[in-house]
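Chains as they are written, first to last, in the working numbering: chain Y, 1 to 623; chain B, 1 to 623; chain G, 1 to 345; chain H, 1 to 345.
No lab work stands behind these hints: they were computed from the structure.
Wrong hints could be hidden among the right ones.
What the hints assert, rightly or not - Derived DMTMM-like pairs (lysine to aspartate or glutamate); straight-line CA-CA distance at most 25 Å:
1. Y:K491 - B:D505
2. B:K133 - Y:D108
3. H:K147 - B:D89
4. H:K146 - G:D311
5. B:K491 - Y:D430
6. B:K133 - B:E111
7. B:K129 - H:D20
8. B:K598 - Y:E226
9. H:K330 - Y:D430
10. H:K147 - G:D312
11. Y:K592 - B:E111
12. Y:K619 - B:D502
13. Y:K491 - B:E428
14. H:K146 - G:E315
15. G:K146 - H:D279
16. B:K442 - G:D14
17. H:K330 - Y:D108
18. Y:K200 - H:E337
19. Y:K133 - G:D312
20. Y:K129 - G:D311
This one's a predicted model, so the numbers in the text were calculated from it and none came from an experiment.
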Amino acid sequence: MSSMETVDTAGPQRKVEVIEGATVRFAGDSGDGMQVMGAQFSTSSVIHGNDIATLPDFPAEIRAPAGTLAGVSGFQINFSSQEIYTPGDGIDTLFAMNPAALKVNLADLYEGGLLVVNSEAFTDDGLEKAGYKTNPLEDGSLNNYRVVSIPLTRLNRDAVEGLGLDRKAADRCKNFYTLGLAYWIYNRPIEPTVKWIEKKFAGKSDLMEANLRTFRAGWNYGETAELFTSAYHVEKADIQPGVYRKITGNSALVLGVAAASKLSGKDLFYASYPITPASDILHEVSALKNHGMMTFQAEDEIAAICAALGAAFGGSLAVTGTSGPGLALKMEAIGLGIMTELPVIIINVQRGGPSTGLPTKTEQADLLQAWGGRNGESPLAIVAPATPSDCFTMALEACRIALKFMTPVIILSDGYLANGAEPWRIPEVDDLPAIDAPFCTKPNAEDGFNPYTRDERLARPWAVPGTPGLQHRIGGLEKQHITGNVSYDPKNHDFMVKLRQDKIDGIANDIPPLKVFGDESGDLLVLGWGGTYGSITTAVERARKAGKKVSQAHLRYLNPFPKNLGEVLSRFKKVLIPELNLGQLRTLIRAKYLIDAKGLNKVQGRPFQVAEVLEAIDKALED
Amino acid sequence: MSSMETVDTAGPQRKVEVIEGATVRFAGDSGDGMQVMGAQFSTSSVIHGNDIATLPDFPAEIRAPAGTLAGVSGFQINFSSQEIYTPGDGIDTLFAMNPAALKVNLADLYEGGLLVVNSEAFTDDGLEKAGYKTNPLEDGSLNNYRVVSIPLTRLNRDAVEGLGLDRKAADRCKNFYTLGLAYWIYNRPIEPTVKWIEKKFAGKSDLMEANLRTFRAGWNYGETAELFTSAYHVEKADIQPGVYRKITGNSALVLGVAAASKLSGKDLFYASYPITPASDILHEVSALKNHGMMTFQAEDEIAAICAALGAAFGGSLAVTGTSGPGLALKMEAIGLGIMTELPVIIINVQRGGPSTGLPTKTEQADLLQAWGGRNGESPLAIVAPATPSDCFTMALEACRIALKFMTPVIILSDGYLANGAEPWRIPEVDDLPAIDAPFCTKPNAEDGFNPYTRDERLARPWAVPGTPGLQHRIGGLEKQHITGNVSYDPKNHDFMVKLRQDKIDGIANDIPPLKVFGDESGDLLVLGWGGTYGSITTAVERARKAGKKVSQAHLRYLNPFPKNLGEVLSRFKKVLIPELNLGQLRTLIRAKYLIDAKGLNKVQGRPFQVAEVLEAIDKALED
Amino acid sequence: MALAPQDSKLTVKDYGSSQDVRWCPGCGDYSILAQMKKALANMQLPKENVVFISGIGCSSRFPYYMDTYGMHSIHGRAPAFATGLKTVRPDLHVFVITGDGDALSIGGNHLIHAIRRNVNITILLFNNRIYGLTKGQYSPTSECGKKTKSTPFGSVDNPLHPLLVALGSEAGFVARSVDVHTKHLAETLEAAARHQGTSFVEIYQNCNIFNDGAWEWATDRKIKSDNLIELEHGQPLRFGSNNDKGLRVNSNLELEVVTIGENGVSESDLLVHNSQRKDPALAYMLANMHHPEFPEPVGIFRQVQRPIYDDDVREQVRKAREARPGGDLKSLLHAGETWTVSASN
Amino acid sequence: MALAPQDSKLTVKDYGSSQDVRWCPGCGDYSILAQMKKALANMQLPKENVVFISGIGCSSRFPYYMDTYGMHSIHGRAPAFATGLKTVRPDLHVFVITGDGDALSIGGNHLIHAIRRNVNITILLFNNRIYGLTKGQYSPTSECGKKTKSTPFGSVDNPLHPLLVALGSEAGFVARSVDVHTKHLAETLEAAARHQGTSFVEIYQNCNIFNDGAWEWATDRKIKSDNLIELEHGQPLRFGSNNDKGLRVNSNLELEVVTIGENGVSESDLLVHNSQRKDPALAYMLANMHHPEFPEPVGIFRQVQRPIYDDDVREQVRKAREARPGGDLKSLLHAGETWTVSASN
Ligand SMILES: Cc1ncc(C[n+]2csc(CCOP(=O)(O)OP(=O)(O)O)c2C)c(N)n1
Ligand SMILES: Cc1ncc(C[n+]2csc(CCOP(=O)(O)OP(=O)(O)O)c2C)c(N)n1
Ligand code: SF4
Ligand code: SF4
Ligand SMILES: [Mg+2]
Ligand SMILES: [Mg+2]
């Protein structure tokens, strides 16, 4: 909310301030439609032309009792005329639908920020459930904010009156009243949401009409109520031309593997067992049957990876997705994937651990598990997307590597990326990398077929059942080099263990070098990985604006590392590694490059705030 | 075989050379009794007063076809009048019961070594099965050895004649003929084996008689056949006084946890699913029912760890044992053990990996899995015994730590320790550490019982069901500090993640500092862990005798490390870490201490040879 | 389990913990919770001797709401935890709380093994035919064709039937009840808790958020008596809103529904329920009756005594001790072959 | 599975691989291997279209010895691998080879799920009532009281019965045979392979090293006909060395052994075997007959058609494509709400 020029866009009554961007959060009972509001506001904003970043926040319970702190659901969106990378540290405007929502979220509202509350929810009962001793709307505790208290329930009922809805159905519309008001305040285009309502309630004309009416009524309330001194206008961002869609990390993973399927000509087989926050991948792939994608909801995570390996043996592009505890269960079978050298992609959407932990929260604490969490020497490739839309790119990369090198590949996403949304410029199909993964169809040796011969990148041939003459057996016992027969020969074992490691290490020749943002050398390199990209980027940009000799690099390939990583690290006096764990990448970097990298480590189930990274940068520079 | 003095001990006919020690290997078809021979020879040797180290070597098949290379089973024993640490790099005497056994084992026989073969097994058929084109007994290829070729089958049949045994039963005795001969050659006392035969075949007098006869006949053959120029005598070793028994690593683990059960007054509950090479632990504990030990053969490894955690919740000393692939399966549940902070001991007898790998061979490649193979930040304690008998000590230690700190502890043994035997001085019960693990029986707070309060070492109280007034619920969701209620509070999560790490780190205050063998500082420290202790010790001793400034330290506590480790490392110019993996401890050491430790890494499913370590020492010193 | 009544009477409320119950308003789990408390109070089980062990799922939150010992474990493994606990602690009453996904999808193997061993625990499966906690995927008990988040075109998996699985593992106690049939449920829970050996109870539970009305035919007052048949040991199998229908075994050895008074059928033609039959095949037949072709039985299908795993484990230890008293630590360490090296050596 | 005979005739030997067979001499697995080759040759299945998937165990070495495609996977999971493979490759004939430990201990869950889904695969369980590969621990099919390495005082676990587990999962094809009854075995294997949907065959297999003679009563020429009863569809259930005994269902709805000619019993009183009964309860009853109280049936207990999982999966994809042709990658990426930012923006 930086530039504060006043313009007239909508007639004499309407004062509009032009601002760079803002962060808004909708908060209320889960089931009160907060996620829908957030999604609508985001869509409207991207269609308006802003850059956005979002942060949904669900409770772990499906429906905690109405009005309790445990039941509060939130959705935060940061939108701007500039490029942005995070959903925002604090919020400019908070919509709090009940006292519990106020209590949980108020701390994040900037001083002087706008607070819109439903006054009718601040009943004795509501206050008690939220643990308020006195009514904050009356006790002066909100004096530092611009409070707009509206009798939402009544206003909404008025708006939908005469449509014959019963009270329950009528009250269910009220989130659209609030949304209408929000649109007025931030001058959002209403058409996308009007269309959405029309589609969503097609066939239920009374509900459609009700939602449209209350949505418009909310907008009009802003226009007429004179409670607001001004509305805000956020200019379109200067965005690369192209066709855009809004995308979450999970959707991007789906599109990534689906694209790899089409590009490689291998049918997609997605095997999974539901688990938060990875379930949506299963849901979305299962809706793509008309694109020929197959899903298998397995009896558990072990069955899922095994079925995927079975499908990979059969020649499919096999993918399995899960979250932390599920990854732990898959490890034994992933080891078989390593020994049999079958291409399989394992998506792990990290969440708070250990054990069941904080299932709906984000974390980056499965890196060591992915890297070394199997019996024996069992190297595999690991990639980690940096942003929701990067999930598309890295999913494609994972498939490309798996098929090219005949290896399992783990994609480490996280809860923040999975549910966070951003605008995504849809790539041209021709710009996507070719994925060439031919089956072996002919004998490759004088005496027939040797399944463990190697090409120049040490990959073995992929000969699928049904191919005459190439019958062979694979399995988990150590393999004789070339023939693939079972071998207990000590020297062969040593050779094969090292060969499997070399194969994975060799992937480094096939991935892009690590790029540095900012100067190529300096006082401090901030090295990140995964979903913390946004906060780190913003913090480094700010630090650089403040004249500090800080650069940034973000690892998207975690095993093997890009070839130039050591060299990049050596050009900086210090290295800071912010992670949402206790220092897992830091351990790997220190072990490999013997540099005294420092960590910024927070394990709170939520992303870094820009300020936290900035502070750590300052501290690192001082030390 | 160093000192070669000739003495007369058994009458005029008998020349006996006194030697320091020797290495003998028995090799033949699995099922031909090689393991029994090895065990008898070892027992006789320790009772004679020698130090010993053994290395059994089984095929992965139960009974591969008789006479094939795959079916060869071996047992190697090194015995000496000096302290020894390894089963020996090469062998002085090889007993090869058939051509396949000769083929598989000959390479390890020292030049000029004694080779005893059963000439009757070198038939056309036998030679072909072993892949010999010509008969090695005739083609001159054994000229470099002292070959003693005896018609074993016939001699044995002669010995048991008249006892009415059928041919099959008669032939089954022939390993005792060979054993008798071996005893003569190395002047072993025959009484222990005579007693063993009497006990084993009690009630089957014909078999008892047959085995005794052929055993004695073998001995007499040595005495009379004049094929041997001399017998050897190995003096008693200068051993600490006390009561001794022979012990394998697996047996020592059993005694260790059983001792901890008695010392702590907590019933032992051992839950396991059979898997090589850990199954013997299950077998041995299940024979201790008369000591009150309970075993549970679970439906799989997951059920085993879960049942163990259930028993730990109930107040037992709960132990679960497995090998690599099984450890992978247990990881999710171990995470629950970490979150619920229940004491549970997880024994992992490492074997060759990845996947099914080389199931009967040894390896040290599960360290990273043990250390970081779980979802989320999930620290636990890890210990690793150095020798078969050290398995007793470290099992006790694991139990002590688990009960004192309320945490899962992983014991990393390996196939070599598990099956290897050595003499063990049985400790005095009074010298064993006290294990104090009281249950909480009284409310610990004004408002009742808080299961997540902490003592000074950050352990939480252990209140078992059945205790009135202390009812509480535990589980895998993040816990509120103190109350143990489910908590989604971000700050609390961060606090608890760090607290769990601090608790494990704090164990360093409760374990002995790392000892250095040799000088406290110097050119090179050879840092080892686990079952490679013997080879490293021998190599370092030899290098020191050769005047090199080499010292040794062996880690038995792998998480946390002993507090003085960093300081120890800093006193040496270089550090060499030999491991039977690709460098897993090295990774942890480099990450933590930022020193350029080098590795000696061999992954052949078998222990280091002393010569290999010596060579690496030389190389490290040169570089 | 052996019941140990005590002096001061515990009330239903005493069994509840202080934690807020966090199921969706209207969830069938509430009713089951209430009936469980009632059954415990009825039996006067000391709170400290009761342990609830659950897996993961909405239903698996159950232990938090009881003021007993409890363990909210990991997905699918509750029977394994319970087996370990019960084996070492015969004095405890161990209940397993599980859902259709928890018990039959990821946890199917532990379930059948606990049952076949006949561990002395009570397993309660809350069957809502859906994954509640993960927000609405189909479960192994969901009917074919079901549209859910993960089956937008309808599921093609043939479902498992919990009671058939239990009988396939030769369960000694098998029963079924319905969340809202409070009296029947409380009685069934009590009978299950009193049974020695594994008792397995399937409870039809409504998930009003993701699978509302799945059991409407069994709960709706108007139609339930035509759709359910109550099993009572020693009683003929009669049902229907007019109580005029019944079950009989026809000449082809199949169950068929008949109407008393029609085609010369009288009550004496009906099958008389015998929950104590050694042969479980008839229980299997009853468990294989599915709505809407058949009325579905509720009540106790089977209740027979089988050797109990944990009793036998302890008995074996007792006998081994008796036969060869193990003695102390010293004798343990010195067992087997030993030799002495004397100082003068 | 759909069989595709071809031109040049494959012989029994053609199906064998070049690998040395490494079971113990005398192991029952040899016979099963031989009969499997015979069955395949009989059906003339093209070698390249056959896949054997196994878990871990002695029996699970099987795939190495066949010159077909094969996967020696990990312990207990073979049905899951097979499900994935068969779902994407309807053209293949997928066999699962498993042991009593592999299938019923660690792998019980995958087994029941493959069966209930009715994946079009053939599952062969080599039941030797012991863990062979790990050298002789008791297995989930070992009888109570069995002394093994891990049960020196005798096992206290009630065993599982493979066919009951399969029927508990509503298997459509359930059969049993014996390793050394070569002709019966080959025929059973062929019938199983020809069945559409999951076919499940328990094979009594002798482990002469760790559990020798476990099935002696079923293999010894002198006594086997008194101990086994051969199931033949449409035939009365008759057995005995004089073929004078039979099975009938008594008034208490239990199976009982009767002697023809005694107490007025004639062949027409005997139960006639019908493997195609929709209701599996009778198959369950037969599968629940255990030696020595009863003769144990061999042959096909049940053979009915049920919806096939993998067919339905593919059919759903086909229909979805037909209804809403997915089109190309571009349309996939552009699905849903999009907007265009033009260059002039
Ligand atoms: C290893 C693992 N996989 C997946 C999950 C996610 N998960 C939690 S509960 C659940 C299914 C719940 O269904 P059900 O057992 O029927 O219980 P309900 O919620 O319906 O009561 C799943 C898939 C998990 N917690 N752990
Ligand atoms: C995860 C895992 N746990 C344990 C083992 C060890 N293991 C291999 S085979 C086997 C049991 C074999 O028994 P069964 O399935 O009956 O086969 P059989 O050898 O009798 O043919 C066990 C326990 C393993 N390979 N992997
Ligand atoms: S989602 Fe369903 S099962 Fe879960 S608490 Fe809500 S209503 Fe109950
Ligand atoms: S151990 Fe038994 S099952 Fe295994 S190969 Fe030998 S005889 Fe066959
Ligand atoms: Mg459910
Ligand atoms: Mg077996």
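Q. So which of the earlier hints does this model not fit?
A. Hints 1, 2, 3, 5, 8, 11, 13, 17, 19, 20 not satisfied by this model.
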